[in-house]
Amino acid sequence: MKKKSLKIAMVGLFLLSLFTSGCASQTNSTNAKQNEKASVKFPTKPIELIVPFAAGGGTDLVARALAESMKSELGKDVVVINKTGGSGAVGMNEGLHSKADGYTLTMATREIVSLPLLELAPFKTTDFKFIGNMNRDPALLVVSTKSKYKKFEDLVDDIKANPGKLKFASSSTPSLYGIPFAQAANLKFATIPFQGTAQAVVEVLGGRAEFGLYGPGEVTAQIKSGDLRPLAIMAEERLEGDLKDIPTMKEKGVNVGWAGTYRGLAVPGDTPDEVVNVLEDAVEKAVNDQKFIDFMAKQNLFIDYLNAADFEAMIEKDITALDPIVQAANEQK
Amino acid sequence: MDSFIQLLQGFETALTWWNLLYCLIGVTIGMLVGVLPGLGPTTATALLLPITYSMEPVTAIIMLAGIYYGSLYGGTITSVLINTPGEAASVITCFDGYPLAKQGRAGTALGVAAIGSFIGGTVSIIGLAFIAPPLAKLALGFGPPEFFALIVVGMLMVIGLMGKSLIRGLISALLGLILALVGMDTISGAVRFNLGQDFLMNGLDFVTITMGLFGLAEVLIGLEERMNAGKPAKVKGLLPRRDEWKPTLKAIGRGTGLGFLIGLIPGSNSVIPAILSYSWEKKIAKDPSRFGKGAIEGVAGPETANNAYSGSALIPLFTLGIPSSPTIAILFGAFIMHGLTPGPTLFQTNPNIVWAIIASMFIGNLILVIMNLPMAGMWGKIAMIPTKLLYPIILIFSVIGAYSVNNNLWDIWIMFIFGIMGYLMKKLDFPIAPLVLTFVLGELLETSLLQSLIYFNGNVFGFFQRPISGTLLVISLLVLIISIFTSLKKKRGILASDVEM
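Protein sequence lines correspond, in order, to chains A and B. Each residue of the first sequence is one higher than the one before, starting from 0 at the first, in numbering that gives the first Met the number 0. Each residue of the second sequence is one higher than the one before, starting from 0 at the first, in numbering that gives the first Met the number 0.
Watch out, some of these pointers could steer you wrong.
[What the hints assert, rightly or not] Covered stretches of chain A, going by a simulated chain B footprint (3 or more residues, C-beta under 8 angstroms):
no.: 1; region: 81 to 90
no.: 2; region: 220 to 227
no.: 3; region: 251 to 261
The hints are simulated quantities; they were obtained by calculation from the structure and are not laboratory data. Ideal placement from N, C-alpha and C gives every residue a C-beta, glycine not left out.
Construct the entire structure; sequences and hints are all you get.
Here it is, written out as structure tokens:
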């Protein structure tokens with residue numbers, strides 16, 4: 000009896016280890032083979048998509064939805080792999096140093112620009128070749144519905160009347176939203192950094208911080224329940240859908256450009272053009288897939304497709320836009 | 000009453016064969032990843048999330064939630080059997096669980112943990128079902144200053160768990176604090192002690208450190224002891240002795256309350272209620288010297304507390320739409336993936352889904368306790384696996400666990416380094432638990448202190464102007480002062496005298 004149950008336990012453990020190692024090694028096997036110069040015959044095997052952030056986050060959601068839709072375009076599996084660490088630097092670096100054959104794609108978020116500028120990444124933004132952009136979300140300024148701020152002006156006036164007194168609960172360090180907002184409107188407020196939006200939102204809901212700037216998808220629940228009030232977005236144009244009545248800061252006389260996050264695809268710089276073209280094509284078709292469109296709309300994630308050339312131009316523009324913000328962040332250190 | 004009827008309707012959905020099956024699958028996977036040191040619920044839910052893509056939303060979330068709370072049942076097992084915690088909350092369980100196993104009472108330790116987990120888990124789900132919204136609003140009042148004060152209390156409790164030598168314990172605790180400094184400072188974004196390596200930018204990971212310090216070090220020490228170190232005692236019954244029932248049930252009651260309350264606070268972690276529960280049990284025990292040598296309450300309290308924590312930690316998710324731990328963040332992602340926005344509106348827009356999930360958690364907990372009680376005896380026998388088989392298994396799982404944290408090879412090397420460090424610490428008689436506990440609390444301590452100081456404009460006395468943080472800090476200060484005073488007088492402080500384990 001003793002022996003028997005022992006055996007069962009051992010077999011169980013063994014099977015589980017097989018299962019887990021199977022899940023893990025899936026990652027590596029795809030890199031191994033395939034040496035031939037990629038011709039038009041691409042893809043001939045599953046493609047790996049590196050998400051440099053944790054599962055369940057915004058970037059992960061976009062990646063998984065994209066992978067589903069690209070799969071039907073390319074006829075091969077697109078496998079999402081989360082490689083976390085270094086605020087995205089680890090996963091992006093690994094994507095950059097993978098074989099330049101188009102079988103390893105990397106989600107390119109705004110961190111692909113900000114991390115090198117902040118000297119927190121071992122690569123340059125321009126080391127990558129950009130395939131296309133899927134999504135772009137502006138930052139949304141929110142306050143608690145219990146607060147006295149009904150309009151954007153109320154908040155700005157109060158910040159001006161009490162310089163340095165009001166609190167901004169930031170979801171990251173440095174705040175790529177808070178700094179340009181302060182610079183453009185010439186405002187002084189205290190920035191309290193938190194790790195991630197969830198913790199920061201608690202501060203606004205609890206009334207300890209007066210306002211916050213987050214991605215629209217990250218605060219949908221609280222806006223719908225009437226706990227948070229959206230006041231303005233940091234974008235050139237208004238959003239569509241539920242948030243179409245929210246004014247841009249520009250409309251309200253604050254001369255601030257776009258701030259937020261974007262999510263596109265990148266590959267190592269020396270990936271052959273033929274392969275890039277196939278991928279670019281697949282991304283374009285995927286973002287027009289009804290399944291993808293429905294999914295994104297539900298999450299308050301905004302589709303903004305840019306092809307390879309436009310995405311690259313946008314990245315270059317963003318490098319110039321982020322530079323002064325990073326300078327300001329370094330001064331605060 | 001309204002919610003009661005809705006809950007019954009929830010049971011109707013949760014009890015369909017399909018949902019029942021996935022609830023069973025979920026809690027079984029949860030149990031197993033809890034058992035495997037290193038492979039935590041966060042990794043497991045993340046791995047299985049894509050598989051649920053094609054499932055019905057209710058079914059998918061019932062399964063993923065099952066992994067989440069099921070893993071806490073499993074985490075106990077390795078702590079008790081091989082002195083290697085499966086997840087952070089079970090570090091404390093090693094203190095008394097492992098000695099119990101050495102006495103041949105592994106079955107009892109696991110049985111009590113299962114009963115406690117069931118009670119704690121069920122009570123906190125009742126709380127989630129019926130009194131969640133007002134509680135969640137109250138918890139919003141808990142900001143960085145209150146958090147800081149709570150962690151100070153936790154740190155103070157760690158001193159009470161030092162082991163034989165206070166000095167060695169303090170050195171170990173300080174090492175933990177220093178290790179917590181590695182990586183990016185959340186306030187300024189400056190990167191510290193990363194040796195120029197990107198993989199260290201976000202700091203060290205708890206799993207890799209624990210796998211090394213506990214698992215690998217245990218193997219190394221064991222190798223030295225020539226494999227066949229005595230036959231372990233026979234596994235006796237699953238239930239405590241008759242005279243142990245009363246204190247055990249009381250410990251379970253206290254653990255439930257403690258875990259439930261701390262779970263409400265967004266951003267807390269399950270280590271805090273476990274530490275507090277253990278210290279509480281030790282403080283009020285008639286004979287505190289039993290602790291560390293196999294006190295049943297020392298297993299019952301913390302194990303109950305972390306399960307009560309797991310249920311109430313879902314309250315911020317359901318009532319505020321805020322995921323308060325990494326695993327819950329993945330659950331949050333699962334809701335979103337299936338087109339549901341977690342938060343207060345979910346009760347109005349999709350009441351049947353919410354209540355079905357809550358109902359499934361009652362069922363899941365019941366399945367877990369039914370699975371665990373008889374299995375406790377079976378697990379107990381694993382302690383008798385010859386070490387020449389057991390050690391390679393520990394080694395394999397430590398490596399897999401470390402790799403699965405970030406899907407990164409570097410973490411395996413870090414784990415090996417900490418394995419050697421753990422070996423040396425054991426050789427030199429340094430306790431390992433203080434290091435791990437201060438490491439977990441250290442980052443929270445630093446961040447919440449700095450965040451509070453920005454709130455207070457740099458004024459340290461700001462802490463004392465807020466009722467909760469003020470009270471907690473004053474109590475901590477008093478305890479410290481009294482113990483220093485008495486130790487000067489009697490050369491042995493209150494805290495220090497507790498320490499003799």
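Notebook entry, point to check: Has the region 251 to 261 of chain A got at least three residues whose CB is nearer than 8 angstroms to a CB belonging to chain B?
Noted result: Result for this restraint: violated, n = 0.
Checklist line | Given coverage of the region 220 to 227 of chain A by chain B, tested with a Cβ cutoff of 8 angstroms and a minimum of 3 residues | finding: holds (count 5)
Margin query: Under 8 angstroms between beta-carbons, do enough residues of the region 81 to 90 of chain A, three at least, approach chain B for the coverage claim to hold?
Written below: This one holds; 8 residues, not fewer than the three required, reach chain B with a Cβ under 8 angstroms.
Checked against the numbered hints given earlier, the structure breaks only hint 3 and satisfies all the rest.
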